[in-house]
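Assemble the complex: chain U is given as a structure, and chains D, G and Y must be docked to it using the hints.
So the chains spell out like this:
4 protein chains.
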Amino acid sequence: MIKAGIIGATGYAGAELVRILLGHKEVEIKWYGSRSYIGEKYASVYRNMFQLVDDSCLDDNIEELARQVDVIFTATPQGFLAGMLTEEILANTKVVDLSADYRIKDVKVYEKWYQIEHKSPQFIGEAVYGLCEVNRGKVKKARLVANPGCYTTCSILTAYPLVKEGLIDLNTLIVDAKSGTSGAGRGAKTANLFCEVNENMKAYGVTTHRHTPEIEEQLSYAAGEEVTINFTPHLVPMNRGILATEYASLKKIRQADGSLQYPDYEQVKAVYDNYYKDEYFVRVLDKGVCPETKWVEGSNFVDIGFQIDARTGRIVMMGAIDNLVKGAAGQAVQNMNLLFGFPENEGLTLVPLFP
Amino acid sequence: MIKAGIIGATGYAGAELVRILLGHKEVEIKWYGSRSYIGEKYASVYRNMFQLVDDSCLDDNIEELARQVDVIFTATPQGFLAGMLTEEILANTKVVDLSADYRIKDVKVYEKWYQIEHKSPQFIGEAVYGLCEVNRGKVKKARLVANPGCYTTCSILTAYPLVKEGLIDLNTLIVDAKSGTSGAGRGAKTANLFCEVNENMKAYGVTTHRHTPEIEEQLSYAAGEEVTINFTPHLVPMNRGILATEYASLKKIRQADGSLQYPDYEQVKAVYDNYYKDEYFVRVLDKGVCPETKWVEGSNFVDIGFQIDARTGRIVMMGAIDNLVKGAAGQAVQNMNLLFGFPENEGLTLVPLFP
Amino acid sequence: MIKAGIIGATGYAGAELVRILLGHKEVEIKWYGSRSYIGEKYASVYRNMFQLVDDSCLDDNIEELARQVDVIFTATPQGFLAGMLTEEILANTKVVDLSADYRIKDVKVYEKWYQIEHKSPQFIGEAVYGLCEVNRGKVKKARLVANPGCYTTCSILTAYPLVKEGLIDLNTLIVDAKSGTSGAGRGAKTANLFCEVNENMKAYGVTTHRHTPEIEEQLSYAAGEEVTINFTPHLVPMNRGILATEYASLKKIRQADGSLQYPDYEQVKAVYDNYYKDEYFVRVLDKGVCPETKWVEGSNFVDIGFQIDARTGRIVMMGAIDNLVKGAAGQAVQNMNLLFGFPENEGLTLVPLFP
Amino acid sequence: MIKAGIIGATGYAGAELVRILLGHKEVEIKWYGSRSYIGEKYASVYRNMFQLVDDSCLDDNIEELARQVDVIFTATPQGFLAGMLTEEILANTKVVDLSADYRIKDVKVYEKWYQIEHKSPQFIGEAVYGLCEVNRGKVKKARLVANPGCYTTCSILTAYPLVKEGLIDLNTLIVDAKSGTSGAGRGAKTANLFCEVNENMKAYGVTTHRHTPEIEEQLSYAAGEEVTINFTPHLVPMNRGILATEYASLKKIRQADGSLQYPDYEQVKAVYDNYYKDEYFVRVLDKGVCPETKWVEGSNFVDIGFQIDARTGRIVMMGAIDNLVKGAAGQAVQNMNLLFGFPENEGLTLVPLFP
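Protein chains in written order, with this note's numbering: chain U, 1 to 355; chain D, 1001 to 1355; chain G, 2001 to 2355; chain Y, 3001 to 3355.
Looking at chain U on its own, in the form it has when it is part of the complex (with noise of 0.2 Å):
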């Protein structure tokens, strides 16, 4: 059994860290910090929880934190953990960090896409991009991971194989990304509000969403050149869920016979089904299933579909998460299960919830 401690527990990927971990046999939290409720009962706030957890929420020291828990989430703004994280720190815990800070290795473009100064960049080299069906081992054997985002680890997922195959025309790649509006989320936001989102539908940051460099940097070391992608993100009038559109252009390929013909269906199912069969957590669907984000609610999912289109050479690729579990609190404890040698799928064998 060991300790854990959520900075930023109070925000939508808090509490879903909270709901996973109460299920999780190997853990048990010590630490609800929250600066917003510093002395109020976390179940006032959260009140699913009401008999549930019993503790009130505690500041976010991390320091004396680092020095009580075994491993530390934090479900913070940009730039929080990259003012606080010390030497001290990581030597005492492990930290699990769901913000962006630690995600971009080349600092200058962390910098121009969030607008805020990196605090403490020496860090970046040894944090491990925790996105699990990649880096699986890499993530086992460190002290800072960096938690992939919602938007990342569903476009990446859904093109990774095919991307590190050399299947597709990576200057063609277009993500058209949908999200529930819990990935905005909890501040009390005119923008967010249930009149303003529901019986709506919007792009918004149009070519300048902070998630494009995340997506085009681990792409970009799958496909070994550098990929510059056009990513779109959009409001969807419900709670989760995350579907990604992806276009590209197939590239031919040599086949058996010596000659160089486009992909069949056939032969990109097999490329996903390579890479994914051994993954709990990325279903593959059956032929002409696309993915529906309802489907995966509430799980540690990701659901990918594709279809070929003859006409235009394009492949479009579909996959589908829950944003706040395998796009945050979900994938943060299957890292922290690979830091800590649980099985992978502890605490996530989640069931769908479904309607």
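What the hints contain is simulated information worked out from the structure, not anything from laboratory work.
Treat the hints with caution; some may be incorrect.
Stretch-level coverage of chain Y by chain G, calculated; a stretch enters the list once three of its residues show a Cβ under 8 Å from a Cβ in chain G [unchecked claim]:
1. 3208–3214
2. 3287–3297
A few chain D residues that don't get close to chain G, going by computed Cβ distances all over 10 Å [unchecked claim]:
3. His1024
4. Pro1077
5. Gly1137
6. Thr1207
7. Asp1278
8. Ile1308
9. Asn1345
The calculated label-pair distances, taken between Cβ atoms and stated as ranges, are [stated by the list, open to error]:
10. G:Glu2028 / U:Glu226: 34 to 42 Å
11. Y:Asp3169 / U:Glu26: 51 to 59 Å
12. D:Ala1188 / Y:Ser3056: 54 to 62 Å
13. G:Glu2111 / Y:Ala3191: 53 to 61 Å
Quick reminder that beta carbons are idealized off the backbone N, C-alpha and C, glycines included.
Only chains D, G and Y this time, still in chain U's reference frame:
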């Protein structure tokens, strides 16, 4: 490890049974019965179950099923089980019936409200009404459990302690209930289309809803006298959740000083606490807190709050459940746990999903 | 053509006034008052108005405004108008106040329920309660109209004929009301975020909601005796719409043969029809039809239905409105039409939007 | 005052025609055709029309109807009108067809994508594709107008000026579209139940949706060359609204100094403004503003915005409409206005409903 079969596995309540039983350590589902989908993969009907359930749907041969499993859940239309049940079946297995067939002791009342002839009234007598918090002892010894309706579970538990203790005038009891749309089932009806329900609110079945006599019967047992109520269900644009708002005039009670006075907040609260303090699934909320359906979504909890109105002498009682869990499949599993001597909350420690 | 000014033009009710007045042949909006957005294009705050409204927002200098326009609408927080109103203003212009400042005749009741000191009680006497169907004659001659609340409009009109005619026992009247979220306004509050409201249902303000004394006062006038009720509002995950479900015991009435009997369906229907047959905006539905909020969305209609329960002797009355139209801006325009002698439904023949 | 008849008056598009035509000064609806509801009061099928429409539904005898009215709207399944249309009908009346029967000039393309044999290809030639902003002149002289599809209207108008002016590389055009659920019609299908759509997001008809060839054909006319695109529709949990997000690589254009350069924001904006500045229904939004479906709900507006991505050389174009108005009934009325010489926006100055 026991074996379970589900007849009606492809309705919403049946699918929720699957979701819950997949997380139950002591049960294995051996039979996914669904007359409409015989031979089809269960996971092609409920794609959230992809890679979690590999079975295909079977027919509803309950006699054969009874020989194979330890417990049968029937999540079937009214009259189905009544038309099939035999002594032989009950000799071979336990039955938890999620339909209304054995809930009402007076067969004439059943036939009047449901407009169906009851085909096996001989089993009504032995059937135990499976409201666990009230009939726990009887359920443990039963062969046939009549699992309560969704509205009824919420409506009864919200008022039960005050009815039992004689704190309210039973002639004044009014239940105004609001339900998510999954209560209407998965049948393809125009009235339940997204565009008809979304952005809409209505009452239905006013003065005629079939859960009325069920609530009345159970509250009559509690009161020791016949109770007649108004029950008005409403359809709410959400998937899950029932909220019951109940009104009744308080009765004066004998106070410590011998005088007759209306009970105050603390006295009413003490009654609720006394009845429910040891009930894992019933959460009596703190003073001033009104239940919200979202706080119990996906869980087997019943959240209860109340407010006394000194101006009118009435009490407003409020209860919230997830209609598919405590209002159907969750309570069915709770009954199964009682039947087989498992911990009552085994498989049911699901933390509510928020947001 | 008259000139109108709006103070509070950037709240939801203010914006709905703009929407309606843009389609009104006899009115020109000259002043979009909004303290928060002074100098900003109105259409940048409500982008649905792009290319329809070119004006920018002005301050709330009501004295100046009174010199420029024929009618002022105040869609402002409680206490605002009471703190500003002067005899000079009323000498210069008509005022339709969408706040509660002049709705309640007894200033002590106002101050108790609103917890505000009333700054200009001298105008309470002359203010006319603008429930057009009830006070049409008085409104026509008024300088100051107190536009009714959303819940109150729906609650009163649904019960009014039966209260007035003495068909129901006033001591038993209970109003269980359900509202869309736009009634909570456009202020940025966590409780009104999409993720908090969506897939959720709750009661709030139980026994304490401020619309209670307003309903009671108006029904008391109708009854000729003091009426005390229970009023319970609920928040529903939809943008617009109020549904009021009202319960009361029927009273026996003298029948044609001289006997005292409970009124039957036809007798109650005749009373409703008698009161509302010439009312353009009140639609008494056919037998067995329950009102639905979607059927009045975007329109100024009130849909009313009822059901008698012979088992309990109660009647269940149901009324539905669009809270922003008949419950706010639409009724305000209806009052304006009365004040200026326009056809009462001018600008208000909006057909409900379905789906 | 002209007389209109509607075949298919009880579908969502038919009902929207009724809503709009009720507010049109020059039209009287004489025929509410609905095969499924013959003899039933129209207002009992669409209760929002209670006391507004007194007529009952009639059959779909289009020959008889053609003798009685000046214009027929057919809001019917694919193939219906093609199977009924005769020269005699067109000699007697104008026809605005909301189905796809006469939208596509090449009957083989129609038959391939719709999998229906076309029964009256002889009328395809004379049918005018009723995208008013593009074909205004031809519509005015037509007898038979093929009213565009919902997705197509939005997709085409969003890209039209840039396609026409050669600013984008047509081989790179991708349309990712998102639609509210009313586009799926009022048929009772499980997939369109509230609980299946709510809290869910999915793509469907990927690479195979029937609106694809319609978009391609119209853009090909604009481009003067054959255009092949990817079009991906998605289902969004809202009643109304389509958002099209369109991607294309910009082409270098000859600049004032003679050089070839990519167009900048102002140049692209000028093209849009040039095409749409006199179009009442097309609103080109200000710099940086992305369209939202809620801002056009209930109205005939098309809101268009765009963003240039210098990193990838692509432009992201976005358009929003109400699928039932500009995407169906509103555009049909706009076409009718052109056919009869009414002001083009008569009956269509509906202000968008927000929230």
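Notebook entry, point to check: Going by Cβ atoms, does glycine 1137 of chain D stay more than 10 Å from chain G at every point?
Noted result: holds, 32 Å
Check: Is 54 to 62 Å right for how far apart the beta carbons of alanine 1188 of chain D and serine 3056 of chain Y are?
Finding: violated, 26 Å
Item checked: Cβ separation check - asparagine 1345 of chain D to all of chain G, threshold 10 Å -> holds, 24 Å
Next item on the list: Compute the least Cβ-Cβ separation between isoleucine 1308 of chain D and chain G, then decide whether it is above 10 Å.
Entry: violated, 7 Å
Note to self: Between the beta carbons of glutamate 2111 of chain G and alanine 3191 of chain Y, is the distance compatible with 53 to 61 Å?
What the structure shows: holds, 55 Å
Next item on the list: Just double-check histidine 1024 of chain D for me: nearest Cβ-Cβ distance to chain G has to come out over 10 Å.
Entry: holds, 25 Å
Check: Is aspartate 1278 of chain D truly not at the interface, in the sense that its beta carbon sits beyond 10 Å from all beta carbons of chain G?
Finding: Nearest chain G Cβ is 27 Å from aspartate 1278 of chain D, so the label holds.
Check: Quick check: the region 3208–3214 of chain Y, covered by chain G? Criterion 3+ residues, Cβ under 8 Å.
Finding: With 0 residues in contact (Cβ-Cβ under 8 Å with chain G), the coverage given for the region 3208–3214 of chain Y is violated.
Next item on the list: Determine whether the non-interface label on threonine 1207 of chain D survives the test: each CB of chain G must be over 10 Å from its CB.
Entry: violated, 4 Å
Notebook entry, point to check: Beyond 10 Å from chain G, beta-carbon-wise, is proline 1077 of chain D?
Noted result: About 24 Å separates proline 1077 of chain D from the closest Cβ of chain G, which puts it past 10 Å; holds.
Check: Per the hint of 51 to 59 Å, is the separation of the Cβ atoms of aspartate 3169 of chain Y and glutamate 26 of chain U within bounds?
Finding: holds, 55 Å
Check: Does the hinted range 34 to 42 Å hold for glutamate 2028 of chain G and glutamate 226 of chain U at CB?
Finding: For glutamate 2028 of chain G and glutamate 226 of chain U the Cβ distance comes to about 59 Å; the hint is violated.
Checked against the numbered hints above, the structure breaks hints 1, 6, 8, 10, 12 and satisfies the rest.
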